[in-house]
Structure formats: structure tokens, C-alpha cells
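A.B. asks: Next come the chains, spelled out residue by residue.
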Amino acid sequence: MNEFVWEFTSDKVRKLALRGFRIDRRALLDYRPASIETGVVYNADGSALVNLGGTKVVAGVKFELGAPYPDRPDEGALLVDAEILPHSSPSAEPGPPDEEAIELARVIDRSIRESNALDMKEFVIREGELVYLLFLDMRVLDDNGNLIDAASLASAAALLDAKVPRVEDDQIVRHEYERKLKLNEIPIYTTFVKIGKLIMVDPRIEEEHAFDARMSIATVDDGSIVAMQKGGAGSFSKGELSFMADEAIKKGREMRKLVKEAVGHGKD
Amino acid sequence: MAGEVIRPDGRSYEDLRDTIRIEAGVLDRADGSAYLEWGTTIRLVKVPAQEEKKLSKWSEKWPMVSVVERREDHVLAEFPKPLWKLIDELKDVEVVREYLRGNKVFVAVYGPREPIPRHEASPYRAILRYRYTMSPFSVPERKSPKPSRRETEISMVSRLALEKVLFLEEFPMTMIDVFAEVISADAGTRVAALTAASVALADAGIPMRDLPAAVAVGKICSDGNCAIVADLNKKEEDMEGAVDLPMVVLPRKEEFTLLQMDGRVSREELEEMLELGIRKAKEINRIQREALLRKYERVSGNDE
Numbered sequence: 001m002n003e004f005v006w007e008f009t010s011d012k013v014r015k016l017a018l019r020g021f022r023i024d025r026r027a028l029l030d031y032r033p034a035s036i037e038t039g040v041v042y043n044a045d046g047s048a049l050v051n052l053g054g055t056k057v058v059a060g061v062k063f064e065l066g067a068p069y070p071d072r073p074d075e076g077a078l079l080v081d082a083e084i085l086p087h088s089s090p091s092a093e094p095g096p097p098d099e100e101a102i103e104l105a106r107v108i109d110r111s112i113r114e115s116n117a118l119d120m121k122e123f124v125i126r127e128g129e130l131v132y133l134l135f136l137d138m139r140v141l142d143d144n145g146n147l148i149d150a151a152s153l154a155s156a157a158a159l160l161d162a163k164v165p166r167v168e169d170d171q172i173v174r175h176e177y178e179r180k181l182k183l184n185e186i187p188i189y190t191t192f193v194k195i196g197k198l199i200m201v202d203p204r205i206e207e208e209h210a211f212d213a214r215m216s217i218a219t220v221d222d223g224s225i226v227a228m229q230k231g232g233a234g235s236f237s238k239g240e241l242s243f244m245a246d247e248a249i250k251k252g253r254e255m256r257k258l259v260k261e262a263v264g265h266g267k268d
Numbered sequence: 001m002a003g004e005v006i007r008p009d010g011r012s013y014e015d016l017r018d019t020i021r022i023e024a025g026v027l028d029r030a031d032g033s034a035y036l037e038w039g040t041t042i043r044l045v046k047v048p049a050q051e052e053k054k055l056s057k058w059s060e061k062w063p064m065v066s067v068v069e070r071r072e073d074h075v076l077a078e079f080p081k082p083l084w085k086l087i088d089e090l091k092d093v094e095v096v097r098e099y100l101r102g103n104k105v106f107v108a109v110y111g112p113r114e115p116i117p118r119h120e121a122s123p124y125r126a127i128l129r130y131r132y133t134m135s136p137f138s139v140p141e142r143k144s145p146k147p148s149r150r151e152t153e154i155s156m157v158s159r160l161a162l163e164k165v166l167f168l169e170e171f172p173m174t175m176i177d178v179f180a181e182v183i184s185a186d187a188g189t190r191v192a193a194l195t196a197a198s199v200a201l202a203d204a205g206i207p208m209r210d211l212p213a214a215v216a217v218g219k220i221c222s223d224g225n226c227a228i229v230a231d232l233n234k235k236e237e238d239m240e241g242a243v244d245l246p247m248v249v250l251p252r253k254e255e256f257t258l259l260q261m262d263g264r265v266s267r268e269e270l271e272e273m274l275e276l277g278i279r280k281a282k283e284i285n286r287i288q289r290e291a292l293l294r295k296y297e298r299v300s301g302n303d304e
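Quick mapping for you: the protein sequence lines, in order, are chains P and L.
The first sequence begins at 1 in this note's numbering and counts up one residue at a time.
The second sequence begins at 1 in this note's numbering and counts up one residue at a time.
If you're looking for bench data, these hints aren't it; they were derived computationally from the structure.
Treat each hint with caution, since some may be false.
As the list claims (entries may be wrong) - Covered, in the sense of this in silico footprint (three residues per stretch, anywhere, with C-beta under 8 Å from a C-beta of chain P), are these stretches of chain L:
#1 8 to 22
#2 93 to 101
#3 110 to 123
#4 182 to 196
Said to hold, decoys possible - Cut-off 30 Å, straight-line C-alpha distance, at most; resulting in silico cross-link-like pairs (DSSO-like, lysine-lysine):
#5 Lys46(L) <-> Lys257(P)
#6 Lys15(P) <-> Lys197(P)
#7 Lys295(L) <-> Lys163(P)
#8 Lys180(P) <-> Lys57(L)
#9 Lys163(P) <-> Lys54(L)
#10 Lys163(P) <-> Lys61(L)
#11 Lys260(P) <-> Lys46(L)
Don't be surprised by glycine CBs; every beta carbon is placed ideally from N, CA and C.
All chains should be modelled from the sequences, with the hints used to inform the complete structure.
C.D. replies: Listed below in C-alpha cells is the structure:
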């Protein structure tokens, strides 16, 4: 869709918001339906395909071996990358990741790192010499809005699905596994947008083109907030932030349950 | 006289892999799209330790029967679909789950649309772009997300395989984009991508002279015996002396718009392979057509 069409739909979204409505008649704090499928990529050590209201993201976990960072000889490494594929919308051009894709990767990275979801010390094979490198790659296939939450669900599900491969003679034995990847926490982002005075969760693409400001809050099960990212040029009040923090904790618990159910299904 | 060659997943020579599924119109934002799965359906089976002897005997014969995890009193083993009958010969087993070991590809088509960069526009025909990429986690060793030389070459030969099939002359000053993302790979990804691309182009409503179908045929050898086979999987591609010949076939004209090969074959073998390829492409073509028909059944069903 071109600029003109977005102007038109944005206008409609904003007019509806004045009356307290959303363009898809959804309640302000309702997510769109989400489906999560894990174990979708044979060669990945963990993987998930998420469809959040038409926004589709595939995430894959792969372990490789390498040297640890010199300042952290007793820890493995986590490397997170995201690409917004040209499949995802007419405006997504092929090429190296743009600022939106890099933001997405960094935002997800922070939630995993800061929640201590992974025990990086478990990834050491020989201290100072050889450690596991955990690569988490996300590919956006279809952008119907709210990439951050969709990517967050996909990466959480892929990590929960992941197994640590067996190592023999300092080489990974592909398709043979040592143990399940241990996750201390499951960080989940909840994203809100503000349109006029209205705050709503899980924005669809039409709402993303119309918002004043965006707020993404990552929470873990005990109700702690582990990462945040504000987007858009508008501003939030302190009151609005407190409201969103409360809601993010609640929504985070619901979505975490959804992820766990998806991963638990029929697995050994 | 050639003896028997056993395929690692228990297939016969001319069989395509056991699972080929295509769905048209899976992406909302693209003008046309398709999702394709092409591979071997695996059953992960919990096998008690006392049955392991049988397993290792089978693994030797069919390498795709393999142990993936060892526990105290049992192992987890994979069985490819053509060999599921073996599971019945084991005592106290439990099927844990099923999954696909194979190719999974999402293709999006955009256009005809305004070309980028604009100076490349032609007053005579639409420009066709084809971009084949692989997800970093799709292959055994993580692939860097940077475009590789391999992806560049495959993109080029794939574009050329489709160019003459489309009525590009109907859309001067425009561009048609085909984007193929392989999220899971197990040999034959370029033909999987092209088979899906063909469906995605039709789904986008781009006029076409035929619905090209892609397939790979080849030759595998073991113990001095060789066989011409259809649709090599990764295990077969990696066999010593394997020959792989991916192709795109126009099913109506029985002509080839993509043809590559690596390996060594005789003139007679080449002929045999091309014939097998045409037959198999026609099989693929039926699956493509069914996918398109299913989409329109779905659409008209929604109208009622």
C-alpha cells in the first residue's frame, strides 16, 4: 500500500479512537488470535513459527562452538539477529537489515539477556578456550503489525523447544542431543500503542501507521520488568506507563501460558 | 549388470520423497504467495534398550533409521515414512511425535509494480527479479545471513527459468518480484523454491504460458552399483559419487528452462535422467495445480 492509502486508513483509525473504538472492533486490551508451532525446522536445535493475527515470524536456535569473549572466559555467548524479509510487506526491500530489523533483534536480545533466562556458564566446554555459541535468528515473513510481540513469542518458543547438541572431539555432532536447553525465565514482550488519548495492546498494521507512540515492556513470571523499548515520536505520561506496566505483567502471564502449551504438546 | 542400490530412507528408485505439500496464498501482505513442504516424514520412536540390536542392523542398511538421543533405559530413534513398517517389529515402543525432515519454503510475489531502481524499467517488458535466500538455521552449520555466492547464482538461474514463461511483455515499465525463503533445507532447495514460486506467481495473477514444475533427479552408487533415482535427499546427495541434476520443466511442451548438474554420467544415463525428470515434473505439476484449485475452493467457500 502506498503513502496515500496509509494516510486514509490512519485517518479512520484516529477518528474511531476518538470514540474509543479500534478498526477491527477489538477490545483495547485484547490480543489478536495467536498460534505457535514448534519444532518446525529439522536442522535447527530449536524452532518456532508464530502467527499473531497474520504477523508471521519464524525463529530458530542453533548452537555452534567457538572461543569465549576474552573478558568472560567462563561463559558461552548469545547472538541474536533478525531480518525483516521482503516477503513481509511491499515496502520491505531486500538487502542488509535496516534500522527496524536491527532494533527488533536488539530489543529481543535485551529481554533474554537481562532476565538471565539462560545460564551462560552452562555453555562452557573448556574454560577460556571452547564454549557453545547460541545463535537465535528471527525471520519476519508477514507484517500485519506488532513485530516485537510476535518475535518475542517466536523466540521464547524456539528457546523452550531447544536442545543442546552433543560434542565429540571439539565438534558438534549434528542431530544428537545432550540435554534440553534450560530456561530460567521466559521473558515476554507486551506492546502498546497510544493513539490520541487511547492506549491499546497488540497494534495491527493500520494502527502502527496511525500511532503517536509505542511502548514495549518485557516481563517475567514473578512480575518483574526486564526490558523496555519506547517507539514512535510521541510521549507517555507517568500514569500511562504505570498502567501499561500493570497490563504487561498480566498479558505476559497469559502469553507465557500459551507458549508453554505450544511447546509442551506431544514432546519428549 | 548393475546390482541393487538401497536408498537411505527405503524408497524405490523413482519415488519422490513421501511428503510434498503446497499451499497457495499464505501471506497476507504479498500480492501472491505459496508455502511448500517437501521431504521425509519422520517418526521419533522411543525404543527400549533391549531392542537396540535390531536398530543398529537397520541403521546399517538404511542410514536414515538413526538414534538421536540416548537415555538410561531407552533410545530415541528416527524412522522415515517408507520404513514405518519396521516399527511394528519392535516390542514396547512408543511413537513420540512426527515431523518433517525436508525443505520448507515461503515464496512471496509482488507486482507488476513500480520498478526500483527506476532507470532499469524497460518500455518493452516487465523486469523480473528473483531472490533465493536461506534462513541461518535452515542448514546443519549456521549460515551467515549475508548473501552468499551460492544464493546469487541460484537466484540468477531461477530467474532465467521463469522469464520466458511469464507474459512480461504485457507489463512494460514495471517490475515483478519473486522472493523465496528456505526456512528448512534438506537437498533440492532450489527446485522446491521454484515449484513454490510457480504457484505463487499464479496466485498473484501473473499471466503464464505454463505452470513450470521443478524437480531433481540423479544417480547414487554403493558397493560399485549405481542407480538413476528421483529426488535425492541430503543423505543421498552426500554419498560418494552422487550425481544431482536439478531441472525446471515446462510440463506441456516438455522442455527444460533450468538445467544444472554436478557429477559424472554417461550419455545413456543422461537421457534416462531427463526422461525420469519429465515424468516426475508432471507429478509435481499435479500437486501445484491442486494447491491452486484448493485456494479458489476456499475463497469461493467464504463467499457463501
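A.B. asks: Given the proposed pairing of Lys180(P) with Lys57(L), does the C-alpha separation stay at or below 30 Å?
C.D. replies: Holds, at about 28 Å.
A.B. asks: Please verify the coverage claim for the stretch 93 to 101 of chain L: does it have three or more residues whose C-beta sits within 8 Å of some C-beta in chain P?
C.D. replies: holds (count 5)
A.B. asks: Starting from Lys46(L), check that the Cα of Lys257(P) is at most 30 Å away, please.
C.D. replies: holds, 28 Å
A.B. asks: With a cut-off of 30 Å on the C-alpha distance, tell me whether Lys15(P) and Lys197(P) pass.
C.D. replies: Holds. Lys15(P) to Lys197(P) sits at ~12 Å (cutoff 30 Å).
A.B. asks: Given the hinted pair Lys163(P) and Lys54(L), is their Cα-Cα distance within 30 Å?
C.D. replies: holds, 27 Å
A.B. asks: Within the stretch 8 to 22 of chain L, is the number of residues with a Cβ closer than 8 Å to a Cβ of chain P three or more?
C.D. replies: violated (count 0)
A.B. asks: Starting from Lys295(L), check that the Cα of Lys163(P) is at most 30 Å away, please.
C.D. replies: violated, 37 Å
A.B. asks: Holds or violated: Lys163(P) and Lys61(L), Cα atoms, limit 30 Å.
C.D. replies: Given that 30 Å is the threshold and the Cα spacing comes to 28 Å, the pair holds.
A.B. asks: Verify the coverage statement for the stretch 182 to 196 of chain L against chain P, using a C-beta to C-beta distance below 8 Å and requiring 3 or more qualifying residues.
C.D. replies: It holds, with 4 qualifying residues against the three required.
A.B. asks: Per the coverage rule (Cβ-Cβ under 8 Å, at least three residues), is the stretch 110 to 123 of chain L covered by chain P?
C.D. replies: holds (count 3)
A.B. asks: Within 30 Å, alpha carbon to alpha carbon, are Lys260(P) and Lys46(L)?
C.D. replies: holds, 23 Å
When the structure is compared with the earlier hints, violations turn up for hints 1 and 7 and for no others.
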